[in-house]
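Novice: This is what each chain is made of:
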Amino acid sequence: MRWLQFFRKVNSMDALAARAFMDGLDGAEYNLVDVRQPGEYQKGHLPGAMLIPMGDLEERHADLDPTLPTFIY
Amino acid sequence: MLTDRGFQKVINMAGGIKAWNGNRAIGPEDTGLYLFTGAETLPQVLIVAYSLEKGLQDFYLSMTERVIGEAVKNLFEKLAGIETIHQERLITEYRRETGTYLSQEEFETTQVLGAMEGGLTTEQYLELYEPDLENETEVVSLAMAIEAQALDLYQRTADRTNAEDVRLALMRIANEERAHLKQLAGLLD
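Read top to bottom, the protein sequences are chains A and B. Residues 1 to 73 (the working numbering) make up the first sequence, in order. Residues 1 to 189 (the working numbering) make up the second sequence, in order.
Honestly, the hints are just simulated from the structure, not real lab data. Keep in mind it's a predicted model, so treat the numbers as computed, not measured. Using N, Cα and C, we set each Cβ at its ideal position, and we do this for glycine too. Take these hints with a grain of salt, some might be off.
[Claimed, not checked] What the simulated footprint calls covered on chain B by chain A, stretch by stretch (three residues with Cβ under 8 Å from a Cβ of chain A suffice, anywhere in the stretch; the number is not a length):
1) 120-134
2) 182-188
[What the hints assert, rightly or not] No farther apart than 30 Å at their CA atoms in a straight line, the calculated lysine-lysine pairs in the DSSO-like style are these:
3) A:Lys43 / B:Lys182
4) B:Lys9 / A:Lys43
5) B:Lys182 / B:Lys9
6) A:Lys43 / B:Lys18
7) B:Lys18 / B:Lys182
8) B:Lys182 / B:Lys78
9) B:Lys73 / B:Lys182
Taking the hints into account, I'd like the entire structure generated from these sequences.
Specialist: See the structure below:
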């Protein structure tokens, strides 16, 4: 078990600030990841978000560019 | 987990989608992907994108015949005009990429497919959003929903494309949809 990950600081941003941040960037300049389940994604998701359910992140994180800011919801 | 894997900046969006007050896209991950096999060349992607823009423009123009109010008629014409600018950009890129000069008319006759922006049909959009077509705010909201769906489609296709030139073109088109969304939001003000 990687205990360290439970104590690592993850930044948080409210939706308004996140939207303003993304509005100022080209879509290629950030990752936007929907970590919910496919059924929730289907009902409504942020345009352009990549669906990677939380349980698949370990396997699929290579689909994302780690050098870019990564927004998760 | 991601920070553990070397991701430099991970930002949790507080409140999740419930707190998001912008546009949303709907449908499963493969919505509209029948339009793109993933093996298209850049000119082929430009043809599909053009076809989608054209489909939307035709929809807006058909609405001008259907609505009664003068202001909302003008609004639909304005929305159709926005699509014209995007189409011109796409056809210019197509000509440059293929080294051929097709007039817009020739291009539309020989290349353009029947499709609607975002990968849903006109009827599907109208059923989903049930807009009051005489209400300008609802019409702009419908247009924004379609643009959001289109942005989502281009981004999802880009995420699945291996050819770098095609991926970059799809990202460019997705960014144009982002710009459309901002322009439409301006109409609501």
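Novice: Any of the earlier hints contradicted here, and which numbers?
Specialist: 1, 2
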